[in-house]
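Participant: Sequence:
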Amino acid sequence: MNPNQKRLHQLFFPIFFEILCMMLAGMLDTLMLSSESDQAVGAVGTANTYIGIFVIMFSVISAGMVAVMTQYIGAGRPGVAHQALRLGLIFNLAAGVVISAALFFFAEPILVTVGIAPLLRHDAVTYLQVVGLFCVCNALTPIVSSYLRAFGHTSPTLTATMVANGVNLALNAVFLFVCRWGVWGVALATGIS
-15 MNPNQKRLHQ LFFPIFFEIL CMMLAGMLDT LMLSSESDQA VGAVGTANTY
35 IGIFVIMFSV ISAGMVAVMT QYIGAGRPGV AHQALRLGLI FNLAAGVVIS
85 AALFFFAEPI LVTVGIAPLL RHDAVTYLQV VGLFCVCNAL TPIVSSYLRA
135 FGHTSPTLTA TMVANGVNLA LNAVFLFVCR WGVWGVALAT GIS
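For what it's worth, the working numbering labels the leading residue of the sequence shown as -15, then goes sequentially.
In short, the hints are calculated from the structure, not lab data. Some hints could be false.
Claimed, not checked - If you anchor each label on the Cβ, the simulated ranges turn out as follows:
no., residue 1, residue 2, range
1, Ala157, Leu(-8), 34 to 44 angstroms
2, Leu132, Leu8, 17 to 27 angstroms
3, Leu124, Gly58, 38 to 48 angstroms
4, Gln23, Leu71, 42 to 52 angstroms
5, Leu103, Thr54, 44 to 54 angstroms
Idealized CB from N, CA, C, for every residue including glycine.
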């Protein structure tokens, strides 16, 4: 076997645990807010649903980019593969900036349009605005991760995701239980991590 080739399990497990850790980030916010109030849990759960939609959109763009990249890598044309990376980065960056701005400035109209309960609206708007500001990071993460995976480097992305979850947990604890910032603090912790 070529030393540059990896076996399936060498790729599967890091990618599986990376995706699992990414999914746990939103659940961690909801779990930690359960000590705050049921209203906060409902608001964050609702807002996370809409953030998740955009994360899936960014991941789909990334999947298309990695399909093109791996074709050119396999054909021995890594230069064209790097062009696909640049195009994916530019597209997701532009989409991320637009979506971040839209979520920050139009969080309340978006949530009113989808029919969020008035009792949950304030906390959901706060969470959507703060986490939405960092949506540009959510746009770039799958591109960089896919790029590294295309070249067989799965460990750095898993490590980064695990560190981000650890930072999220620590900041959630500080912002929620020490600073008493509630939903705003949890949203800030999620954005930073």
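Participant: Hint by hint, say whether it matches the structure.
Facilitator: Evaluated hints:
no.	hint	in the structure
1	Ala157 with Leu(-8): 34 to 44 angstroms	holds, 37 angstroms
2	Leu132 with Leu8: 17 to 27 angstroms	holds, 20 angstroms
3	Leu124 with Gly58: 38 to 48 angstroms	violated, 25 angstroms
4	Gln23 with Leu71: 42 to 52 angstroms	holds, 43 angstroms
5	Leu103 with Thr54: 44 to 54 angstroms	holds, 48 angstroms
This entry does not satisfy hint 3, going by the numbered hints stated previously; all others are met.
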